[in-house]
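Visitor: Given next are the chains, with one letter for each unit.
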Amino acid sequence: MIDFSFFLEILPKLLAGLPLTIELALTSIVAGFVLAVTLALAQQSESPFVVLPIRGFVAVFRGTPLLVQIFLTYYGLGQFRHQLSAIGLWAVFREPYWCAIIALTLNTTAYGSEILRGAIQSVPRGLVEAARSVGLSTCLTYRHVILPLAFRQALPSYGNEIILMIKGTSLASIVTLMEVTGIAQGLISQTYRAFEVFICAGAIYLTLNFAIIRALAALEYWMSRHLRHRPSTRDAAS
Amino acid sequence: MVDAFRLLGFQHGGWGAALLMAASVTVLLSVLGFALGAVFGGLAAAGRLRNSKVLRFLALGYCTVFRGVPDLLTIYLLYYGGSVALTSLGHSLGGSGFVGVPAFATGTLAIAIISGAYQAEVYRGAYLAIDQGQHDAACALGLNRLQRLRQVIFPQLLSYALPGLGNVWQLVLKDSSLISVIGLVELMRQAQIAAGSTREPFIFYIAAALLYLAIASVTGHAFYRLERKAPWRVRSA
Chain A
1 MIDFSFFLEI
11 LPKLLAGLPL
21 TIELALTSIV
31 AGFVLAVTLA
41 LAQQSESPFV
51 VLPIRGFVAV
61 FRGTPLLVQI
71 FLTYYGLGQF
81 RHQLSAIGLW
91 AVFREPYWCA
101 IIALTLNTTA
111 YGSEILRGAI
121 QSVPRGLVEA
131 ARSVGLSTCL
141 TYRHVILPLA
151 FRQALPSYGN
161 EIILMIKGTS
171 LASIVTLMEV
181 TGIAQGLISQ
191 TYRAFEVFIC
201 AGAIYLTLNF
211 AIIRALAALE
221 YWMSRHLRHR
231 PSTRDAAS
Chain B
1 MVDAFRLLGF
11 QHGGWGAALL
21 MAASVTVLLS
31 VLGFALGAVF
41 GGLAAAGRLR
51 NSKVLRFLAL
61 GYCTVFRGVP
71 DLLTIYLLYY
81 GGSVALTSLG
91 HSLGGSGFVG
101 VPAFATGTLA
111 IAIISGAYQA
121 EVYRGAYLAI
131 DQGQHDAACA
141 LGLNRLQRLR
151 QVIFPQLLSY
161 ALPGLGNVWQ
171 LVLKDSSLIS
181 VIGLVELMRQ
191 AQIAAGSTRE
201 PFIFYIAAAL
211 LYLAIASVTG
221 HAFYRLERKA
231 PWRVRSA
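As given, the protein sequences belong to chains A and B, one line each in that order.
Just so you know, my numbering puts 96 at position 96 of the first sequence, and the rest follows in order with no gaps.
Just so you know, my numbering puts 56 at position 56 of the second sequence, and the rest follows in order with no gaps.
This is chain A alone, in the form it adopts within the complex (with noise of 0.2 angstroms):
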């Protein structure tokens, strides 16, 4: 029943999708995450100008199915061919591969950037003003005190988010971005061969996302050094 011939031949086939498909999760990824920062760190102001209007782009972004905001880049802002040539922009709308990182990278920026706003309002206050009170400015206090504090503590569920991503850009495929599930769907209307194909694409997208999450797996045990080996001090004085 099974053939195992088959697997050889489509493995290859499905494997050259990949290096695309880490470009798009890469790319929007790094790109989302310093969004997300510099999103998270202007809702720490209280002025409603500034939170208000990330409010409401998180809001959108996080309430709309992330294929309608890929249409919505592609062929919504394409209606606008004259405007964006006008500006020198219809070189990067005119590809789905821009559009597509575009749309990924806006949506990662969202949820990234709640997120982190939530980590940075667990940092304990107390170590906020201690900070202070050995006279670090507002930006050393944040260099040095409250993000790598909230780094840590939004890793896990930035790890989801990130495995959230690697399968976003799997809808890259519907803007004809041929990555592993393009080529998969592409397979399986050739073939009529849905399950094999199933397993073997699904092969790759678990085995990326286990590395994955075994490299943050290793991330949060390197960041966590400080929880581990309390240095006993007091050991050492007596």
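It is possible that part of the hints are untrue.
Stretch by stretch, here's where chain A covers chain B in the computed footprint (C-beta under 8 angstroms, at least three residues) [to be verified]: (1) 51 to 57; (2) 70 to 80; (3) 187 to 199; (4) 212 to 226.
Derived CB-CB ranges, DEER-like [unchecked claim]: (5) SER88/B with ALA218/A: 41 to 49 angstroms; (6) ALA130/A with GLN132/B: 48 to 56 angstroms; (7) LEU55/B with SER5/A: 28 to 36 angstroms; (8) GLY16/B with TRP222/A: 53 to 61 angstroms; (9) LEU28/B with ARG94/A: 32 to 40 angstroms.
None of these hints come from the bench; they were simulated from the model.
Where a beta carbon is used, it is the ideal one built from N, C-alpha and C, also for glycine.
We have chain A; now place chain B onto it with these hints.
Guide: Okay, now just chain B, sitting in the frame of chain A:
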């Protein structure tokens, strides 16, 4: 702007009614998928909490696979796999030609399988959050297994699970847009059709986004109220 009102309106040539109809298909699809997913999720959670190694392995496998694999792949598997199975069944019964699976049923099943994998984690967490004393007390009262489950464990389980279920519901609602790829005319597909025939994709995708937002916020509010007002709410001491 006037153009947008005309296109989204309800008079002749307006797509308002079609979009609202499609939005109700989205809601129906999501509700049915979520409800069936609760069954799958409940079974998987029960499997993971069992002592049997085989059941635990199966349940863990189900959760891992369908949470780790892109939802589109699962949808393609069910759609193409189901069609191939139906077609070969048709041939063995003496028929001929290609038999496609109905898109609505396939979509519901896909959403149920995917959301079930997420719901399983929520139910498992909620079950583990119930104090062991509750099980002991229910036993001490002489309730039998079914009574314990129905009158003691289940109400508490639901109350612990509600916030997590609210998150899964939002996920389901957004996932339902993916069912458009197998041709079911739900909100996303209807927006595509309207965008294609009027060549105004921007207006229609914005309209779809707003409708999704509206559904998400109304149902999100309902979940919030349920959490706050539920008679079975566990009162924190």
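Visitor: Hint by hint, which ones does the structure fall short of?
Guide: 1 and 6
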